[in-house]
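**Student:** Given only the sequences and the hints, what does the whole structure look like? Please build it.
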Amino acid sequence: MATSYEEYSEYINETYCEFKEEEKMSSKEAIARTFNEYDMSMKKSETDKAVISVIIAEILVSHVRILHTFKDYMMETISELNFKLIEQENKLSSDQFNELISRKDKVLKQLDNKPLDYYPRVCWYYEELTDELNKFFDQINTDSINEEEIIARVLNRFERDCKNTLSEKIIVYTTLAENLLKFGYTRKEGLYRIKEELQLFNVEDIRDEQLIEEERRDLVVRIDNVLEQFNNIS
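Counted from 1, the sequence shown has number 127 at position 127 by my numbering; the numbering is strictly sequential.
Derived from the structure by calculation, the hints contain no laboratory data.
Even glycine gets a Cβ: it sits at the ideal position worked out from N, Cα and C.
Possibly wrong hints are sitting among the right ones.
To be verified - Here are the in silico distance ranges between beta carbons for each label pair: (1) V221 x Q139: 50 to 58 Å; (2) T69 x E149: 38 to 46 Å; (3) L85 x T3: 16 to 24 Å; (4) V220 x T3: 17 to 25 Å; (5) E6 x S79: 36 to 44 Å; (6) L166 x S45: 38 to 46 Å; (7) I233 x Q139: 39 to 47 Å; (8) N82 x S144: 53 to 61 Å; (9) D208 x I140: 27 to 35 Å; (10) V203 x L85: 45 to 53 Å; (11) T3 x N82: 14 to 22 Å; (12) N156 x N82: 46 to 54 Å.
As the list claims (entries may be wrong) - Below, simulated PhoX-like cross-link-like pairs (lysine-lysine); rule was C-alpha separation at most 25 Å, straight line: (13) K195 x K182; (14) K20 x K195; (15) K135 x K24; (16) K20 x K71; (17) K43 x K71; (18) K109 x K135; (19) K188 x K20.
**Tutor:** See the structure below:
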């Protein structure tokens with residue numbers, strides 16, 4: 001195993017974080033891209049396959065939900081690892097070997113208990129995207145930037161996501177509106193486009209997308225609250 005046990009953990013987690021932080025990807029897209037980066041390395045040996053698959057799974061279980069096909073694949077791959085062959089390959093120390101078995105057992109239980117995602121497209125999950133936009137808004141909301149610039153920068157930052165699914169677009173517009181109202185940015189010209197998008201929204205249009213029923217209901221409540229506040233602005 002040219003890459004060491006410890007190096008794999010460092011490299012894989014770095015790759016995943018780079019996709020999320022530098023490429024601005026959702027966790028679902030970032031883990032898919034990370035897996036693709038290391039897919040060929042899994043074929044080098046049974047030890048490489050074991051180490052990589054366990055690390056990928058450990059990241060995967062930190063997600064809100066897991067794509068059902070990916071969960072099935074990871075559980076099958078990890079369950080069928082040949083630890084007798086790994087021992088024979090002699091690429092791990094005794095401590096590493098025992099630790100890997102323990103991590104394998106633990107992550108399999110965690111995978112088995114994770115809620116499933118049946119939406120095949122890579123996209124942001126509801127709370128994940130809301131939190132990401134709130135964080136970005138806080139970063140740019142300074143005295144040196146006005147309301148129009150804030151709106152422009154938020155929509156530019158999440159432009160790719162708004163084009164991905166209608167769910168993501170409406171989450172972006174709703175969360176942006178909530179932040180603008182929270183900080184007293186209520187100029188009518190700045191809010192008009194956002195208000196128009198939210199007024200046109202029909203929850204039935206996202207019935208087959210990534211949000212679960214509870215999330216769709218919560219989103220509708222948030223939109224109604226925002227529109228009510230918009231209507232009260234004189």
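**Student:** It remains to establish, for every hint, whether it holds in the given structure.
**Tutor:** Right, here's what the structure says about each hint:
1. V221 x Q139: 50 to 58 Å: About 27 Å separates the Cβ atoms of V221 and Q139, which means 50 to 58 Å is violated.
2. T69 x E149: 38 to 46 Å: Given range 38 to 46 Å: holds, Cβ gap about 42 Å.
3. L85 x T3: 16 to 24 Å: holds (18 Å)
4. V220 x T3: 17 to 25 Å: Check failed, 48 Å falls outside 17 to 25 Å.
5. E6 x S79: 36 to 44 Å: violated (25 Å)
6. L166 x S45: 38 to 46 Å: holds (44 Å)
7. I233 x Q139: 39 to 47 Å: For Q139 against I233, whose Cβ atoms are near 26 Å apart, the range 39 to 47 Å is violated.
8. N82 x S144: 53 to 61 Å: holds (59 Å)
9. D208 x I140: 27 to 35 Å: Given about 33 Å between the Cβ atoms, the range holds.
10. V203 x L85: 45 to 53 Å: holds (52 Å)
11. T3 x N82: 14 to 22 Å: holds (20 Å)
12. N156 x N82: 46 to 54 Å: holds (49 Å)
13. K195 x K182: holds (15 Å)
14. K20 x K195: Violated. K20 to K195 sits at ~30 Å, over the 25 Å cutoff.
15. K135 x K24: holds (13 Å)
16. K20 x K71: At roughly 20 Å apart (the allowed maximum being 25 Å), K71 and K20 satisfy the hint.
17. K43 x K71: With Cα atoms ~19 Å apart, K43 and K71 stay inside 25 Å; holds.
18. K109 x K135: Judged against 25 Å, a Cα distance of about 32 Å means the pair is violated.
19. K188 x K20: Given pair K188, K20 is violated - Cα atoms ~34 Å apart, limit 25 Å.
Violated hints, in rising order: 1, 4, 5, 7, 14, 18, 19; the structure is consistent with all others.
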